[in-house]
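Undergrad: These are the residues of each chain, in order.
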Amino acid sequence: MKKLLVPLAVVALLALAVPAAFAEWELGIGITPAQNQESTDPGAVDGILNFHVGYNWSILYASWDAFAMPSYWVYNATSYIDPVHGSYYPGADVPGFLNLFDVGIRIYPRPFIGYAEVGTNLLYLYGGQIYHDPYGNLGVGVNGRLGFGVKFGFWGVNISGTQVFASWYDLRAALDQAFYHGNTAELTAGSVLSLNFALYF
Amino acid sequence: MKIRKILPLLLLAFGSVFLLSSCDALLDAIFSTNTISVYVSVYIPSYGYSPHDTVSVSVSGEPLATAGYSGDDGLYMYWSVSVPKLSDGLYSVTVYLNHVGGSPPFAVYPSTTQSTYFPASSGNPHNVNLDFVYN
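Heads up: the sequence lines are chains A and S, in that order.
Note that the first sequence covers residues 7 to 207 in my numbering.
Note that the second sequence covers residues 35 to 169 in my numbering.
So here's chain A without its partners, still in its complex pose (with noise of 0.2 Å):
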């Protein structure tokens, strides 16, 4: 428990020591290029369009983020190996929309701008389903982030990098492949690079 506390007492007094003037609002969207060129699949070239609302209020940061992803990306995030059995899973082949909720810090020094985030995901896949994870409970993921980028006054741009993992058993299916297989591509299967671009209220 100490060692929750103190993280979060060291982010408190962060947040208590920045004027609460810089409680903003953001809105952005957010482009990955296409990242399998190799693909003989038309498809599967795809870059990937996301939406994002996030909110600031002193280090704190809150944030909502919509992509809009290809099947191959979908495949990718929920095929896995199963750490029982060993027996590949392949995953849903179809595009769908990623659901990130997070929250995480946002530091300013200016002109620069970094985020760290973490939080849970929902994966809707073409055809009306929420991903499922393989016991048919409601898959709700986890994902981590990383951001960097520039602010200039209401505007700006920023690369995130995101890893998401799209339910429970999937990160528990890639961290046994990393682990106990050295087969650490599991780890990042379902991984988003985006670039965006904000504006601040």
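Take the hints with a grain of salt, since some may be wrong.
Listed next, with one range per pair, are the computed distances between beta-carbon atoms [to be verified]:
# : chain 1 : residue 1 : chain 2 : residue 2 : range
1 : S       : S114      : A       : G167      : 41 to 47 Å
2 : S       : Y112      : A       : F154      : 51 to 57 Å
3 : A       : N143      : S       : I64       : 26 to 32 Å
4 : S       : A99       : A       : P96       : 26 to 32 Å
5 : S       : K39       : A       : V90       : 52 to 58 Å
6 : S       : A63       : A       : V90       : 36 to 42 Å
7 : A       : G92       : S       : A99       : 40 to 46 Å
8 : S       : L44       : A       : A122      : 25 to 31 Å
What the hints contain is simulated information worked out from the structure, not anything from laboratory work.
Fair warning: this is a prediction, and the values are worked out from it, not measured in the lab.
Built from N, CA and C at the ideal position, the CB exists for glycine as well.
Take the given structure of chain A and dock chain S to it, following the hints.
TA: Using the frame of chain A, we list chain S on its own:
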């Protein structure tokens, strides 16, 4: 100053599309939809030859596309048919050759029936190419 007022509105409009659109319709608009492309080759000596012959493609029992003869190399004659705008699912694809030897046209050879788990295990998630060869 104007751009400062217009940009938020544009972004809000973009966000509204994300939020308010029917999700599948928006995904359809953003990403290419599924297509099955069918390539048919028929060995001329065993079939006969007519540039007026056509092929029809049925997907899970539904006749969805027909195409005319597209060429030959002296041994084989070829047709190429695409069935676009398919939703994801398990499809059985059947190709018929319509030999116009007389009238009316009739299906001569119900060709090889090939089922594919589309798109998950195909390796080509959105677009599947199928080759039908009749020797």
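Undergrad: Now tell me, hint by hint, if it's right for this structure.
TA: Here's how the hints hold up against the structure:
1. S/S114 x A/G167: 41 to 47 Å: holds (43 Å)
2. S/Y112 x A/F154: 51 to 57 Å: holds (54 Å)
3. A/N143 x S/I64: 26 to 32 Å: Holds - the Cβ-Cβ distance for A/N143 and S/I64, about 28 Å, lies within 26 to 32 Å.
4. S/A99 x A/P96: 26 to 32 Å: holds (28 Å)
5. S/K39 x A/V90: 52 to 58 Å: holds (57 Å)
6. S/A63 x A/V90: 36 to 42 Å: Since S/A63 and A/V90 have Cβ atoms about 40 Å apart, the given range 36 to 42 Å holds.
7. A/G92 x S/A99: 40 to 46 Å: At 42 Å between Cβs, range holds.
8. S/L44 x A/A122: 25 to 31 Å: For A/A122 against S/L44, whose Cβ atoms are near 29 Å apart, the range 25 to 31 Å holds.
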